[in-house]
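Here the protein sequences come in this chain order: F and P.
What the first sequence shows, in the working numbering, is residues 1 to 288, in sequence order.
What the second sequence shows, in the working numbering, is residues 1 to 266, in sequence order.
Hints may be right or wrong, so weigh each one.
[Claimed, not checked] Straight-line Cα separation of at most 30 Å, BS3-like style, residue types lysine-lysine; simulated pairs:
{"id": "1", "chain 1": "F", "residue 1": "K207", "chain 2": "P", "residue 2": "K92"}
{"id": "2", "chain 1": "P", "residue 1": "K97", "chain 2": "P", "residue 2": "K159"}
{"id": "3", "chain 1": "P", "residue 1": "K5", "chain 2": "F", "residue 2": "K8"}
{"id": "4", "chain 1": "F", "residue 1": "K3", "chain 2": "F", "residue 2": "K248"}
{"id": "5", "chain 1": "F", "residue 1": "K93", "chain 2": "F", "residue 2": "K248"}
{"id": "6", "chain 1": "F", "residue 1": "K3", "chain 2": "P", "residue 2": "K5"}
{"id": "7", "chain 1": "P", "residue 1": "K92", "chain 2": "F", "residue 2": "K3"}
{"id": "8", "chain 1": "P", "residue 1": "K178", "chain 2": "P", "residue 2": "K159"}
{"id": "9", "chain 1": "F", "residue 1": "K8", "chain 2": "P", "residue 2": "K159"}
{"id": "10", "chain 1": "P", "residue 1": "K97", "chain 2": "F", "residue 2": "K204"}
{"id": "11", "chain 1": "P", "residue 1": "K178", "chain 2": "F", "residue 2": "K207"}
{"id": "12", "chain 1": "F", "residue 1": "K8", "chain 2": "P", "residue 2": "K97"}
{"id": "13", "chain 1": "P", "residue 1": "K207", "chain 2": "P", "residue 2": "K51"}
{"id": "14", "chain 1": "P", "residue 1": "K97", "chain 2": "F", "residue 2": "K206"}
{"id": "15", "chain 1": "F", "residue 1": "K248", "chain 2": "F", "residue 2": "K54"}
{"id": "16", "chain 1": "P", "residue 1": "K52", "chain 2": "F", "residue 2": "K207"}
{"id": "17", "chain 1": "P", "residue 1": "K5", "chain 2": "F", "residue 2": "K206"}
{"id": "18", "chain 1": "F", "residue 1": "K199", "chain 2": "F", "residue 2": "K3"}
{"id": "19", "chain 1": "F", "residue 1": "K93", "chain 2": "F", "residue 2": "K8"}
{"id": "20", "chain 1": "P", "residue 1": "K159", "chain 2": "F", "residue 2": "K248"}
{"id": "21", "chain 1": "P", "residue 1": "K178", "chain 2": "P", "residue 2": "K97"}
{"id": "22", "chain 1": "P", "residue 1": "K51", "chain 2": "F", "residue 2": "K207"}
{"id": "23", "chain 1": "F", "residue 1": "K8", "chain 2": "F", "residue 2": "K204"}
{"id": "24", "chain 1": "P", "residue 1": "K97", "chain 2": "F", "residue 2": "K3"}
{"id": "25", "chain 1": "F", "residue 1": "K93", "chain 2": "F", "residue 2": "K207"}
{"id": "26", "chain 1": "P", "residue 1": "K5", "chain 2": "F", "residue 2": "K93"}
{"id": "27", "chain 1": "F", "residue 1": "K206", "chain 2": "P", "residue 2": "K159"}
{"id": "28", "chain 1": "P", "residue 1": "K52", "chain 2": "P", "residue 2": "K159"}
{"id": "29", "chain 1": "P", "residue 1": "K92", "chain 2": "F", "residue 2": "K206"}
{"id": "30", "chain 1": "F", "residue 1": "K204", "chain 2": "P", "residue 2": "K51"}
{"id": "31", "chain 1": "F", "residue 1": "K199", "chain 2": "P", "residue 2": "K92"}
{"id": "32", "chain 1": "P", "residue 1": "K51", "chain 2": "P", "residue 2": "K92"}
{"id": "33", "chain 1": "F", "residue 1": "K93", "chain 2": "F", "residue 2": "K199"}
{"id": "34", "chain 1": "P", "residue 1": "K178", "chain 2": "P", "residue 2": "K92"}
{"id": "35", "chain 1": "P", "residue 1": "K178", "chain 2": "F", "residue 2": "K3"}
{"id": "36", "chain 1": "P", "residue 1": "K92", "chain 2": "F", "residue 2": "K8"}
{"id": "37", "chain 1": "P", "residue 1": "K5", "chain 2": "F", "residue 2": "K204"}
[What the hints assert, rightly or not] Calculated Cβ distances over 10 Å to all of chain P for the following chain F residues:
{"id": "38", "residue": "F12"}
{"id": "39", "residue": "F70"}
{"id": "40", "residue": "V115"}
FYI, nobody ran anything at the bench for these hints, they're computed from the structure.
Using N, Cα and C, we set each Cβ at its ideal position, and we do this for glycine too.
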Amino acid sequence: MNKTVNQKAWFFVIPVFVLVAFNAIIPLMTVVNYAFQETFGNNVFMWEGTRWFKQIMLSERFHASLGRQFLFTFIILFIQIPLGIAIALTMPKEGIGVPVCLVLMSMPLLIPWNVVGAMWNIFALPDIGFLGHSLNALGFDYNFTQQIGDAWFTTILMDVWHWTSLVVLLSYAGLRSIQPAYYQAAEIDGASRWAIFTKIELPKMKKVLTIAILLRFMDSFMIYTEPFVLTGGGPGNATAFLSIDLVKMALGQFDLGPAAAMSLIYFFIVLLVCWVFYTLMMRNEEKS
Amino acid sequence: MKKAKWVVPTIYIIFLMLPIYWLLNMSFKTTTEIINTYTLWPQEFTLDNYKKIFTDSTWYTGYLNSIYYVVMNTVISVAAALPAAYAFSRYKFLGDKHLFFWLLTNRMAPPAVFALPFFQFYSSVNLFDTHVAVALSHCLFNIPLAVWILEGFMSSVPKELDETAYVDGYSFWRFFFKIFIPTITAGIGITMFFCFMFSWVELLLAKTLTAVAAKPIAATMTRTASTSGYELGLLAAAGSLTIIPGAIVIYFVRNYIAKGFALGRV
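Just chain F, with the same shape it has in the complex:
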């Protein structure tokens, strides 16, 4: 759409600007404040320069939680995106099945995150949980509170349970926007199912898939509540992802300086990745 230049449009944006700035800029400045100074309370601050940043960048603890975070995010993206597409492809396209699938599949998305954690905790308990009990009955030595591998398995399974539906809904919407003429043409050409998928469906889903990946990256990168309730970051620190580690440092140990520096580095990584995605996305939009 060709937009007219109108500087007065700023007046329309002011309420949003004020509300978001109130929430974003002032607290962010507090973080910046802590990141460069040392405080002993009572509003006494001492300038520390980049000391906290150096400390965090060099600390093994940060490297470990960052590594865990990236590993987790990549694993869940690797499972959820293909699985989501596969489910969207096999979902019914008309009839009563559509609302049934949509409503049932959306359910996990609307459950408060700590309830998701609590639910999976109960579900996976080795003695009284369905998952834990079944796995042990099948001969696996499963205990997610004690064994690192099991804790990871449960956390990932929980995230797949929680968020695959988002990918499904997005892919499904993308598939629905493909005109039937494309399929008819493919049929006339005698295209195989695989060719239809790679040549028609996948390119048409590109936009929604970019958004799906972007959203899943952002949200899994800031995951906090669910693993916190499920495993509490344990056993040991095995599932302490960035947010969990950060909250532990800030609110648990009250190491405000390093925590603030870590916040800024953390935020910066998320911003960087999202900026790349956003630029790619906008470029796609301009092309089409």
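We have chain F already, so just place chain P on it with the hints.
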């Protein structure tokens, strides 16, 4: 081939329903049954857990608090986002693209980064432990989202609509409320759905900003779990009840969901 297609979604839905079933199953059991035996369905069916929640004010006020701030947040977010989304969809102005990206960055900000400064900031302006505080803090991610979704819907409305209305002698605000808003009701509905959803499921900020008076149900649950032993049945019942508002909202917007996602603006 046609029949085989049902297999994948069916298995997936069963997988989704299993933990939910287990939660419901637990919520109808007595504590002794939960601890002592492993049963696939309640042997001694009891409603005591639910009774406790509906009669104990620390429990049911949690629900009221949550619903109160979620609704407040949804109203604020959509009301503020409407004119802004209109501006972004219709006009070019100084710094519009940067502003749009800046708004989105707030959707990307990890809440854990903001937890502590929010606590200090809202305490210093005397809003700590109020519904307003939680509603305002959730604006951080809900307003960008609302602007994003609404802008998508508004851009799909042709500009001729605006121009015709002005030719017909409508003032801007009369046009906006009488013509424009009714044409994008579906979009507003979806926006409200997502605002509701993200405010309802968020806990970290809601928990950090409240103590007693505005404590959300989700926080009541975690605190109960940690203080008064492990009352699994009660916890399961409270958890089951938190699913209901979401289920109701999904049911109402089920036809719009696919449409909203189709615009690719979530």
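Hint by hint, here is what the structure shows:
The straight-line distance between the Cα atoms of F:K207 and P:K92 is roughly 24 Å, inside the 30 Å bound, and the hint therefore holds. About 20 Å separates the Cα atoms of P:K97 and P:K159, which keeps this hinted pair within 30 Å; it holds. With a C-alpha separation of about 54 Å, the suggested pairing of P:K5 with F:K8 is violated against the 30 Å cut-off. A C-alpha spacing of about 48 Å is found between F:K3 and F:K248, which places the hinted pair above 30 Å, so the restraint is violated.
Straight-line distance between C-alpha atoms of F:K93 and F:K248 comes to about 47 Å, which puts the hinted pair past the 30 Å bound. Between F:K3 and P:K5 the alpha-carbon distance is near 45 Å, which puts this suggested pair outside the 30 Å criterion. As the CA atoms of P:K92 and F:K3 are separated by approximately 6 Å, the hinted pair is consistent with the 30 Å bound. Restraint check for P:K178 and P:K159: the C-alpha separation of about 16 Å stays at or below 30 Å, so the hint holds.
Our distance criterion of 30 Å between C-alpha atoms is met by F:K8 and P:K159, whose separation comes to about 18 Å. A hinted pair counts as satisfied when its Cα atoms are at most 30 Å apart, and P:K97 with F:K204 qualifies at roughly 26 Å. Distance check on the hinted pair: P:K178 and F:K207 sit about 33 Å apart at the alpha-carbon level, beyond 30 Å; violated. Between the alpha carbons of F:K8 and P:K97 the distance comes to roughly 16 Å, so the proposed pair stays at or under 30 Å and holds.
The hinted pair formed by P:K207 and P:K51 meets the criterion: a straight-line CA distance of about 25 Å does not exceed 30 Å. For a cut-off of 30 Å, the pair hint linking P:K97 to F:K206 stands: about 23 Å separates their Cα positions. For the suggested pair F:K248 and F:K54, the alpha carbons sit about 20 Å apart, so the restraint of at most 30 Å is met. Of the pairs offered as hints, the one joining P:K52 and F:K207 is violated, with about 48 Å between alpha carbons and a cut-off of 30 Å exceeded.
Note on P:K5 and F:K206: the hinted pairing holds, with a Cα-Cα distance of about 23 Å set against a maximum of 30 Å. Proximity of F:K199 to F:K3 is assessed by CA-CA distance (about 34 Å); at most 30 Å being required, the pair is judged violated. Distance hint between F:K93 and F:K8 is unfulfilled; the C-alpha atoms sit about 45 Å from each other, more than 30 Å. For the hint pairing P:K159 with F:K248, the CA-to-CA distance comes to about 51 Å; that exceeds 30 Å, so the pair is violated.
The straight-line distance between the Cα atoms of P:K178 and P:K97 is roughly 29 Å, inside the 30 Å bound, and the hint therefore holds. Straight-line distance between C-alpha atoms of P:K51 and F:K207 comes to about 48 Å, which puts the hinted pair past the 30 Å bound. A hinted pair counts as satisfied when its Cα atoms are at most 30 Å apart, and F:K8 with F:K204 does not qualify at roughly 38 Å. For the suggested pair P:K97 and F:K3, the alpha carbons sit about 13 Å apart, so the restraint of at most 30 Å is met.
Restraint check for F:K93 and F:K207: the C-alpha separation of about 20 Å stays at or below 30 Å, so the hint holds. Distance hint between P:K5 and F:K93 is fulfilled; the C-alpha atoms sit about 11 Å from each other, no more than 30 Å. The hinted pair formed by F:K206 and P:K159 meets the criterion: a straight-line CA distance of about 28 Å does not exceed 30 Å. Proposed proximity of P:K52 and P:K159 is contradicted: the alpha carbons are some 56 Å apart, above 30 Å.
Note on P:K92 and F:K206: the hinted pairing holds, with a Cα-Cα distance of about 28 Å set against a maximum of 30 Å. The suggested pairing of F:K204 with P:K51 is violated, with an alpha-carbon distance near 51 Å, which exceeds 30 Å. Only pairs whose Cα atoms come within 30 Å are accepted, and F:K199 paired with P:K92 is rejected, the gap being roughly 37 Å. The hinted pair formed by P:K51 and P:K92 fails the criterion: a straight-line CA distance of about 57 Å is larger than 30 Å.
A hinted pair counts as satisfied when its Cα atoms are at most 30 Å apart, and F:K93 with F:K199 qualifies at roughly 20 Å. Taking the CA atoms of P:K178 and P:K92, the gap is near 24 Å; set against the 30 Å cutoff, the hint holds. Distance hint between P:K178 and F:K3 is fulfilled; the C-alpha atoms sit about 22 Å from each other, no more than 30 Å. In summary, the hint linking P:K92 to F:K8 is supported, as the alpha carbons are separated by about 10 Å, within the 30 Å threshold.
Between the alpha carbons of P:K5 and F:K204 the distance comes to roughly 21 Å, so the proposed pair stays at or under 30 Å and holds. For F:F12, the non-interface assignment is contradicted: its Cβ lies about 4 Å from the closest Cβ of chain P, within the 10 Å cut-off. Distance to chain P confirms F:F70 as a non-interface residue, since its nearest Cβ pair spans about 14 Å, more than 10 Å. Distance to chain P contradicts F:V115 as a non-interface residue, since its nearest Cβ pair spans about 4 Å, not more than 10 Å.
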